[in-house]
Amino acid sequence: MTKYYTEEHEWIAVEGKVATLGITDYAQAQLGDVVFVEVPTVGRKVKKGEETAVVESVKAASEVYSPVTGTVVAANDPLANSPITVNEDPEGAGWFCRIDMSDPAELEVLMDEAAYKAFVEGL
Amino acid sequence: MTTPVHGDHDPHSAAPLKTPLYDAHVALGARMVPFAGYYMPVQYEGILAEHAHCRAAAGLFDVSHMGQATLRGADHATVAGALEKLVPADVLGLEPGRQRYSQLLNERGGILDDLMVHRAPGADGTLGLVVNAACKVADYAHIAARLPGDVLLEIHEERALLALQGPEAVNVLLSLGADVAGWDFMQVGPASLAGIPVFLSRSGYTGEDGFEISAHADTVAGLWEILLRDPRVKPIGLGARDSLRLEGGLCLYGHDIDETTTPVEAGLLWSIQKRRRVEGGFPGADIVRSQIAEGVARKRVGIKPDGRAPARDGTEIVDENGVAIGTVTSGGFGPTVGGPVAMGYVAAVHARPGTRVGLVVRGKALPAEIVSLPFVPARFHRAPK
Chain W
81 MTKYYTEEHE
91 WIAVEGKVAT
101 LGITDYAQAQ
111 LGDVVFVEVP
121 TVGRKVKKGE
131 ETAVVESVKA
141 ASEVYSPVTG
151 TVVAANDPLA
161 NSPITVNEDP
171 EGAGWFCRID
181 MSDPAELEVL
191 MDEAAYKAFV
201 EGL
Chain P
-6 MTTPVHGDHD
4 PHSAAPLKTP
14 LYDAHVALGA
24 RMVPFAGYYM
34 PVQYEGILAE
44 HAHCRAAAGL
54 FDVSHMGQAT
64 LRGADHATVA
74 GALEKLVPAD
84 VLGLEPGRQR
94 YSQLLNERGG
104 ILDDLMVHRA
114 PGADGTLGLV
124 VNAACKVADY
134 AHIAARLPGD
144 VLLEIHEERA
154 LLALQGPEAV
164 NVLLSLGADV
174 AGWDFMQVGP
184 ASLAGIPVFL
194 SRSGYTGEDG
204 FEISAHADTV
214 AGLWEILLRD
224 PRVKPIGLGA
234 RDSLRLEGGL
244 CLYGHDIDET
254 TTPVEAGLLW
264 SIQKRRRVEG
274 GFPGADIVRS
284 QIAEGVARKR
294 VGIKPDGRAP
304 ARDGTEIVDE
314 NGVAIGTVTS
324 GGFGPTVGGP
334 VAMGYVAAVH
344 ARPGTRVGLV
354 VRGKALPAEI
364 VSLPFVPARF
374 HRAPK
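Chains as they are written, first to last, in the numbering used here: chain W, 81 to 203; chain P, -6 to 378.
Simulated from the structure, these hints should not be mistaken for laboratory data.
Some hints here could point you the wrong way.
Think about it this way: if two alpha-carbon atoms lie no more than 30 Å apart in a straight line, the pair counts; the simulated BS3-like pairs of lysine-lysine are [unchecked claim]: (1) Lys297/P with Lys127/W; (2) Lys125/W with Lys267/P; (3) Lys78/P with Lys357/P; (4) Lys128/W with Lys357/P; (5) Lys127/W with Lys97/W.
With the hints as extra help, turn the sequences into a complete structure.
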């Protein structure tokens, strides 16, 4: 499994052609208490850069963008009843969906963990 | 992910100011954001925990960004008469030791700002004002330009303001030596907290019992520390201040009320006492009185979404046929309610509690219902008459 990061604080963990999408620990800390999550339905086709999930804190709504193009093959529906999981385990149990990638070359522009860490430190 | 935007700071305006408690907030690990021209704490440990603590025990807020001022004249009738030209409340009838909520109105009856007006015990010729931070410069100019020559406006830049809110607030102040047990909601007066002179009002912006505490800027950091030493007290940021007041059905200026809304549309008629409704004599009185007599085209209402998705400020409200009937002016998650809550304006025919509406969130009309405000019952301390 290889993990990639975006400048918008999404992570994706890739195994074969399937990418699991979530937001980073930095992102959940910025959001504060998460009170609502909307994940995509299985079967939905998403494009790179498209709004794929919604995460809302007490204060504000944020859109989560998919860094890759593909088809949603799994969604973390239990988050609807326990949105706080995104705060507690953002890079584990707080994942949003799994996407079957149609163009793995899109991964090439994403950051690895070291690059993302340096990016966040520079913010 | 889109980065959430906190605060309302205009990046083109001057650098934000700091309240006397700025260093104390930073030391507590607060997340500071520009708000109404000041760096303010949006949260310390987290909005949900702070909100719950305030409803369960006592929450301490720094609201020093708000404007404090005094109107001064020969006697109460002179000063009250001058202020009544600007606000629709009965100020003449304000007893010593009492506070009233009112609004500065424009000639169309629109709300320039909302404010608290108090008359200190024994005061005959002074009225205290507390106005919103974002409006205070404009408010002072508006007031000063309209006062008669024998009434002066004094602006208290030297004063800071705290709020201690929640069921334990009264006990905390009692333990610091303030004899406030028998105080009524909206009672005001001088007091001493651990030897520090303060001016108290039993009021607030959370729907809970509590106090606003005005202190000299030089003493407020010491007072803040003394209050936080009490295990019943935790600091509360602007985030929970907003969720608490939203559940309390209380208006946020610039969102739920502004220059285009009148006190009648906003459901604030309770703050216009009978004499003023009869006599008028305030800006926009003709419009306000005709709205009282004939009704209004739109009304501020509470809105409860059926589902879990919050509807934010600006969300379109539609009827069951999808026709636009209004707009959400405040909306978010109500931690005590345990779900989303909102306020907004709808056409008067749709304002009855129980009316089914839709809230257009991300292109979908989510089912919701008009409800009575507040979402969480007020627990103000009303002393027996």
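Results for each hint:
no.: 1; hint: Lys297/P with Lys127/W; verdict: 34 Å, violated
no.: 2; hint: Lys125/W with Lys267/P; verdict: 62 Å, violated
no.: 3; hint: Lys78/P with Lys357/P; verdict: 46 Å, violated
no.: 4; hint: Lys128/W with Lys357/P; verdict: 23 Å, holds
no.: 5; hint: Lys127/W with Lys97/W; verdict: 15 Å, holds
Hint check: violations occur at hints 1, 2 and 3; the rest are consistent with the structure.
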